[in-house]
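Start from chain P and add chain D according to the hints.
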Amino acid sequence: DAGITQSPRHKVTETGTPVTLRCHQTENHRYMYWYRQDPGHGLRLIHYSYGVKDTDKGEVSDGYSVSRSKTEDFLLTLESATSSQTSVYFCAISGSGLRDTEAFFGQGTRLTVV
Amino acid sequence: LAKTTQPISMDSYEGQEVNITCSHNNIATNDYITWYQQFPSQGPRFIIQGYKTKVTNEVASLFIPADRKSSTLSLPRVSLSDTAVYYCLVGDDNNAGNMLTFGGGTRLMVKP
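Residue numbers (our numbering), protein chains in the order written: chain P, 2 to 115; chain D, 387 to 498.
Bear in mind the hints are in silico, worked out from the structure with no lab data behind them.
Owing to the predicted nature of the structure, the values given are computational and were not obtained by experimental measurement.
Some chain D residues near chain P, calculated using beta-carbon distances under 7 Å: (1) Gly429; (2) Pro430; (3) Phe432; (4) Leu486; (5) Thr487; (6) Phe488; (7) Gly489; (8) Gly490; (9) Gly491.
Restraint ranges, calculated between C-beta atoms of paired labels, are given here: (10) D:Thr439 / P:Thr18: 46 to 54 Å; (11) D:Leu466 / P:Thr113: 25 to 33 Å; (12) D:Pro498 / P:Pro19: 45 to 53 Å; (13) D:Thr442 / P:Gln108: 27 to 35 Å; (14) P:Pro19 / D:Glu444: 38 to 46 Å; (15) D:Ser465 / P:Gly41: 20 to 28 Å; (16) D:Leu466 / P:Gly17: 40 to 48 Å; (17) P:Asp39 / D:Thr458: 25 to 33 Å; (18) D:Thr415 / P:Gly52: 21 to 29 Å; (19) D:Glu403 / P:Lys71: 40 to 48 Å; (20) P:Asp39 / D:Asp453: 31 to 39 Å; (21) D:Thr469 / P:Val115: 28 to 36 Å; (22) D:Ala452 / P:Lys71: 39 to 47 Å.
The beta-carbon is built from N, C-alpha and C at its ideal position, and this holds for glycine as well.
Chain P on its own, in the form it takes in the complex:
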């Protein structure tokens, strides 16, 4: 399995508190992604990164920010968590190049905002 780990795996937090999820890779892949998945829905892209300090918004970026200060770590921050952000969050990594769209996913972080 690709070297990708998410932490924490589970978290319960209160509305209005800041939360940071971490994605760590040991594959030296260029691209990293954060998705959320809600019951009955597919994966929705929050933010992604195409290099150190290079990030861009996905389809559901409101209320989320990201940072990538080094290749191996991609952080997702909820500045002020809301109940609508209760979800399972997946991190993914993929290599570079036109043909390389195979992505590897982490095990997910289940976040509950109460």
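Relative to the frame of chain P, chain D by itself:
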């Protein structure tokens, strides 16, 4: 980015061949077609990728017609363990980065 359309769900029985078709009418010249499989409580897993014609690996086959506006994932002789959600993606490495956008997927239920 090209958008994809897949059936929401499909049912099959053990031992049958399953074909899941994905429509991607606006696929761009440089786009590749990739399929992922997701089991409950797990992240998606890469199954197969292709550009045109037919690709086969130990898990599945991918059929892509000449116009590339659709693709079909073929799972030979499915088993109960193939029950999962299957996602079709199209995309490439563009100037803004390599976005991977998932659609709703197809929920495959394999019955005994």
